[in-house]
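Peer 1: The residues making up each chain are set out below.
Protein chains: 2
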Amino acid sequence: MDDRKALIALNDELSADEDPILLPREAGQASKAVQDFGRYQSEEPSTSAAAGRVAPHISGNNHFLDDDQPPLLGDNSLPPNVPINGSAGSSNRNINSSEPIFHLRSRTAAASTPNYESLDYEVCENTLFQDEQRKRLTERFSLRKDIIRWIIFIQIGIITALIACTIDIIIEELSERKYTFLYNSVKKNVPLSDAADGSDLLIPYLYWLLFSILPVAFGAAMVTYIEPITAGSGIPQVKSYLNGVKIPRIVRIKTLAVKAIGVITSVVGGLAGGKEGPMIHAGAVVAAGISQGKSTTFVKDFRIFKAFRDDHEKRDFVLGGGAAGVSAAFGAPIGGMLFSLEEAASFWNQNLIWRTLVASIISVFTLNIVLSAYHGLNDFTFTGLFNLGKFDTPLKFDYFELPIFMLLGVTGGLLGAAWNSLNTKINKFRKRFIPWKIGKVIEAVVVAMMGVTLACLMIYFINDCRPLGNDPTNNPVQLFCEDNEYNAVAALWFQTPEATVRSLFHDPPGSHKILTLALFTVVYYVLSCATFGLNVSLGVFIPTALVGAAWGRLLAMLTYYAFPQAEFLHPGKYALIGAAANLGGVLRMTISLSVILMETTGVETSFFFPLIIALISAKWVGDYFNEGIYDTQIQVNHVPMLTWEPLPQYKGLTAREILSSPVVCIKLRDSAHYIYQMLKKCDHNGFPVVDDVSGDRRSEGRVCGIILRSQLIVILLKSLYVENKRFWLPETSIQTFRDVYPRYPSIKSVRKLDNKINYTVDLSMFMNPSPIRVNPHDSVPRIFQIFRALGLRHLLVINNENRIAGIITRRDFIYK
Amino acid sequence: MDDRKALIALNDELSADEDPILLPREAGQASKAVQDFGRYQSEEPSTSAAAGRVAPHISGNNHFLDDDQPPLLGDNSLPPNVPINGSAGSSNRNINSSEPIFHLRSRTAAASTPNYESLDYEVCENTLFQDEQRKRLTERFSLRKDIIRWIIFIQIGIITALIACTIDIIIEELSERKYTFLYNSVKKNVPLSDAADGSDLLIPYLYWLLFSILPVAFGAAMVTYIEPITAGSGIPQVKSYLNGVKIPRIVRIKTLAVKAIGVITSVVGGLAGGKEGPMIHAGAVVAAGISQGKSTTFVKDFRIFKAFRDDHEKRDFVLGGGAAGVSAAFGAPIGGMLFSLEEAASFWNQNLIWRTLVASIISVFTLNIVLSAYHGLNDFTFTGLFNLGKFDTPLKFDYFELPIFMLLGVTGGLLGAAWNSLNTKINKFRKRFIPWKIGKVIEAVVVAMMGVTLACLMIYFINDCRPLGNDPTNNPVQLFCEDNEYNAVAALWFQTPEATVRSLFHDPPGSHKILTLALFTVVYYVLSCATFGLNVSLGVFIPTALVGAAWGRLLAMLTYYAFPQAEFLHPGKYALIGAAANLGGVLRMTISLSVILMETTGVETSFFFPLIIALISAKWVGDYFNEGIYDTQIQVNHVPMLTWEPLPQYKGLTAREILSSPVVCIKLRDSAHYIYQMLKKCDHNGFPVVDDVSGDRRSEGRVCGIILRSQLIVILLKSLYVENKRFWLPETSIQTFRDVYPRYPSIKSVRKLDNKINYTVDLSMFMNPSPIRVNPHDSVPRIFQIFRALGLRHLLVINNENRIAGIITRRDFIYK
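So the sequences go chain by chain: A and B. Numbering (full-length UniProt numbering) for the first sequence: 1 to 816. Numbering (full-length UniProt numbering) for the second sequence: 1 to 816.
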């Protein structure tokens, strides 16, 4: 038959098409798609129809179809990879320019932008869902669901803590061995305290290089080749996820494994990073995994927690997991919960806070027990974790110090803003000039080598010897010093960054030379800036705190040098304030950071005041220049994250000006063939369902619902047609759709319709019958508020007669 | 003319009508209205029309009108005080039953329920608003608005702190004088340490009574006669306000004045209450006042901050004010902010947290400076406020104590739940049997006398003498004790409750007898229960903490008595845990309470863990029985507060089942006369604007917007008619409407239309053109989510053709 052949031809033609579940793709592939698109345009003459709002379409294919079939590809258009966009013409122009094209929704145009999709935070209340709800409306069921939810949160706390412990202990053990080995090597090779000749340092230097390169190369290779999403701290990704952006593979078990190994190797390798960010990500993965009661990776369904299998429920668990992760990373339960609220959460409610807090508490408690047992503490006294070291003498301050704290805050804000800007530039450079995978691994190794080399140079050239006895370092290296002295420069470098923060907070006054600390600050500032953005799993918290602690201490030393009578200049106190200020300048958080710093150092609650003064000043100053590092990363990666307020340039617009049209619609009863073809050809994820359609002018119908791509695919896969209703109706429920969550099959997995080409789909029981609708003249701030508050994925713009005028998605608020 | 006379008759008939700005009314008035309604029903035959969905109406009046006028009161109905309700028949039945009728929206039926209205948290984006927005879209304007917002928040912090200081200092001074006087009186009248005869105590007792009765009577009278809304702690009211319920007179300056005096008199009078709750209310009033830049009470408009004059902006300031209030009350900035978030806020966003925190910090800082200056501290060392006294030795705990803390938590949960339930019963009793104002004052006096008498009896009958020297009380009364001893019972009673909490936390072990503390616990438990709900301004925090501290310390003493080798039983520590547990049991908060307790006692951050264990256990146990005291109060007062989740009994329903219909609609161009009449006769606050109306069948029109009662009244007041458009159009802007905010005039202030009876109103530029609309088959959980997340006041239910099916307001989610 003619149309069969044509269909095959059409399919071949579209075979360049990829899996419609969109993943970030390489630039090369995308530009091929752009070329395809161009070719397509020239081959198929586009005709304009229906009030001139329809994009180029393939109505020329009409003759492929039987006469008794309604014209499949009529005016209502199946734009072949055409952006749903009011200005298809102008987008055509853009495609050939070298500028990144952000305002196009279709992946064909996404030359440099990975095409992130939204999560379905909106619950689709179709007939099937309501049927289930009615069945489960008993008191008992909802109580059971509540109890299970609590159990899951408790499990999240425990398992996150166990993972955190494991990472902690492995890092500690390996670092200990590495630095002990280096210490011994130095001892053996630099025997004389007055050896002015540096050649003896060569062997330890080479060992040091080796112990840095090996783990870093291994970690970077794992991240690059196995799971690139694990690069960085993971906080921006978790934040985007909680905002409703689908970050592919973000919450998989494989991701967790790579992240854990990646963070161990990088910290042991001596890169300027911490384990805190990755812990949050780990907590999020644990939460997403446990709450679903199944693992898609291991193809194992435990048949539990089925009621929690949707994006909405999962989101809340992931928030709890993130909080448990921070809590475990810092040993700070309130801090962890506040961190989740302040930085990560986009949606919030009282019960959620409450559950999140419990998960955090459980997490810290578990961590404390395990670590206590590991360190062999026999008395069961809870000491808190204080992983930045406890200040034993209470920190006091005077009123006249407040302006100083404020000045430190301003300094932190300036340095932080500069760091963010520099880091962004480095990462842009990196993205442009190091596209190859092996290059990314080599780059990480080079940065690691640079760190070791700079450290060695500092140790070699600076003569900073201190008497042994009151330095808390484990391996006081004698290196070029007299007997009974140790090298204070080496002490800074011969340990993990976290341990160095501890040293700067707690070392007694006079432990370092001013020159040492000044050089250390500069070197570490640059190093940390070069490190964040490498393809390794590392957080930014510890290096930022370290830089801050270094310059905080340095400033106190300088001032004390100038005014030796200033008794209040406790260097540890100023190191703490400096750390807070620098953190505030880079991360732009306030409450959670101050609470975390308080909880991890055990300072008195009254010291909250100086901390927050420094943080607030830093945030204010920093915000004047740019955004926090996490938000910057999100922007640089073109993640369509919805901020709390609409972007300023959108404030004067109306829905009409940002909507995308024409919209591909489906009739309430439509042919399976049309749906199949449409899904093959356009990659949108939501289709308005219309009624009251004259002929095939679907886009002029009256809106009666919306249906998701994933639902349509399930309908086709399971052959839920009107004609064979008697077979599937009794056993079809919302569970049929939930079973394929979260990895929906692609349209390619639907075999050709062959014998079902004339079948009909009745969407009335599958569609979401009550999508949120707005008017074209509604202002963007208003629809933004609706979109964000309800966590929508698609917002329909309708005219007064309830006919579709356009559709608005997340991207339209950002890239238009 | 005929219709003129009829109109007058009609007006007379409706003259029983009250100010449509609804205030809580006395039961008597309301039942009169119910009778009126009943009379009306019998006089006017009701006919059913338009698909049987129209309530009884007064179509019988049709003949009053001219022929050339469209039938004013046609099928579209002007229900005269008729509830907008689908089941008018059934409501008729209810009216004569003695049950309180919660499911009726109209005030006529509100026999015992004050008819709370909603606030307009939704911004009405009409043409005027958009015009203004366009003008003000400059970068400069929005920066300026941001800066002004910050200035307001800082001012809120400062002024709230100053008020808090004033209250603090006055209470302290007066209490000091009162108790010193009593102390001297005791000293004079009970000269012998072994005076077994109690007659000598009579004079101090009478003095004590006098010093209790006078202030309490004064305070209660002020609250009762001047501003009844100031009774209680104010937290439930502020919480309701932030949820979107209009609590009349809640944020007025008069309220603040009465509240301040009320709380001073009650605390000085010795009632079992604290000043903390009222401080939150005070902060809220300050915030609302400052942010508006005008005082309606003093008829003074400063012509500043005009851009913040709407419910939405005001809400955010009030949240900041509440936080500043808590912070000032406890000297706990993080605690204050968390309290606002956990207990008060219904809406939340990141920027808001950030501003709220700054307000809290500023508030604590101001308070600290002023109080330091007042107490004459010369060294400018910031010490924190610690108004529950600083624990000087760090509190430690062992793992095996955790189950004990948990048990204390469970005890707190049980006692708290019992307290809540008892208090609710007492208040119900009170409401029923003490309706008269003078009765309320007398009741407060009686409770005050009861407190003094019980205290005296305890002092008289219990012989608990302790050696002088290590008790921190100011006035150690010798009373029946040997020389060099003081009476430990008197020490508990001869100070403000706050000071007693301090004593229980910090008194050295062995300061009290077991019997003393046991009796004190019981007496104070009952007293505080009887006090909360009196017509006085008092918070519940301090008495609750006091009861908890008492039984916590008591339990530690009992256990120590049983196992004298248990060294860990530091009574102060257990008093603190007991206070936390009892607070958790009564208030059901966790995070903020633990942080507040930490901040006010200066314990180490590691002690957060036991606190939160106790609080969580208490909350879990308590939640099994009933709700927290604030939520209970809100429920008892029938405040239509929207919880975080829909009520369980609503979960299976759809919009159709809870909507109110028929709905009184207005045509896009409607006659001034119709609008005037309608406003006179029905007291709804929002009216759908319809289009495409055939004749007068308004309720069958197509929805094109919604307009508020207040807007319509302004239109009528300012004569914004189509016919005289050329006069008002140039000078009418959104400011015209904003000028009358927040006390909108009533329809009575519009003089009769007389010569403008034929004029027309065109609503297109005034109405909100994009109300949120849902379908009748949408589930209640879904529409609840929309309603709550967007802070709506009216939600229109439309059918597929965009014609009105009903309207849903706050009340429909609670009382239906």
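Among these hints, one or two may not hold up.
[To be verified] Mimicking DSBU-like on lysine-lysine, the simulated pairs with C-alpha atoms at most 30 Å apart in a straight line are: (1) B:390 / B:188; (2) B:306 / B:725; (3) B:188 / A:145; (4) A:254 / A:396; (5) A:651 / B:390; (6) B:396 / A:396; (7) B:651 / A:306; (8) B:725 / A:390; (9) A:135 / B:651; (10) B:145 / A:396; (11) B:188 / A:390; (12) A:390 / A:246; (13) B:752 / A:651; (14) B:145 / A:651; (15) B:390 / A:294.
[Said to hold, decoys possible] Example chain A residues on the side facing chain B (calculated, C-beta under 7 Å, incomplete): (16) 172; (17) 176; (18) 180; (19) 206; (20) 357; (21) 518; (22) 591; (23) 605; (24) 649; (25) 652; (26) 789; (27) 799.
[Stated by the list, open to error] With beta-carbon atoms standing in for the labels, derived distance ranges: (28) B:134 / A:433: 50 to 56 Å; (29) A:483 / B:393: 40 to 46 Å; (30) A:648 / B:733: 22 to 28 Å; (31) A:141 / B:136: 33 to 39 Å.
Bear in mind the hints are in silico, worked out from the structure with no lab data behind them. Nothing here was measured: the structure is a model prediction, and the numbers come from that model. All C-beta atoms in this analysis are idealised placements derived from N, C-alpha and C, irrespective of residue type, glycine included.
Peer 1: A separate judgement is required for each hint: does it hold in the structure or not?
Peer 2: Here's how the hints hold up against the structure:
1. B:390 / B:188: Outside the cut-off at roughly 34 Å; violated.
2. B:306 / B:725: Holds - the C-alpha atoms of residue 725 of chain B and residue 306 of chain B are around 26 Å apart, at most 30 Å.
3. B:188 / A:145: violated (67 Å)
4. A:254 / A:396: violated (47 Å)
5. A:651 / B:390: Outside the cut-off at roughly 50 Å; violated.
6. B:396 / A:396: The given pair, whose Cα atoms are some 21 Å apart, holds under the 30 Å limit.
7. B:651 / A:306: holds (20 Å)
8. B:725 / A:390: violated (74 Å)
9. A:135 / B:651: holds (12 Å)
10. B:145 / A:396: The given pair, whose Cα atoms are some 38 Å apart, is violated under the 30 Å limit.
11. B:188 / A:390: violated (54 Å)
12. A:390 / A:246: violated (40 Å)
13. B:752 / A:651: The given pair, whose Cα atoms are some 42 Å apart, is violated under the 30 Å limit.
14. B:145 / A:651: Holds, because 14 Å separates the two Cα atoms, which is no more than 30 Å.
15. B:390 / A:294: Violated, because 50 Å separates the two Cα atoms, which is more than 30 Å.
16. 172: Because about 21 Å separates residue 172 of chain A from the closest Cβ in chain B, which is outside the 7 Å limit, the hint is violated.
17. 176: violated (26 Å)
18. 180: violated (31 Å)
19. 206: violated (44 Å)
20. 357: holds (6 Å)
21. 518: Residue 518 of chain A check fails; min Cβ-Cβ to chain B is 30 Å, beyond 7 Å.
22. 591: holds (6 Å)
23. 605: holds (5 Å)
24. 649: violated (10 Å)
25. 652: holds (5 Å)
26. 789: holds (4 Å)
27. 799: violated (9 Å)
28. B:134 / A:433: 50 to 56 Å: violated (45 Å)
29. A:483 / B:393: 40 to 46 Å: holds (42 Å)
30. A:648 / B:733: 22 to 28 Å: Taking Cβ atoms as reference, residue 648 of chain A and residue 733 of chain B lie about 23 Å apart, which means the hint holds.
31. A:141 / B:136: 33 to 39 Å: violated (52 Å)
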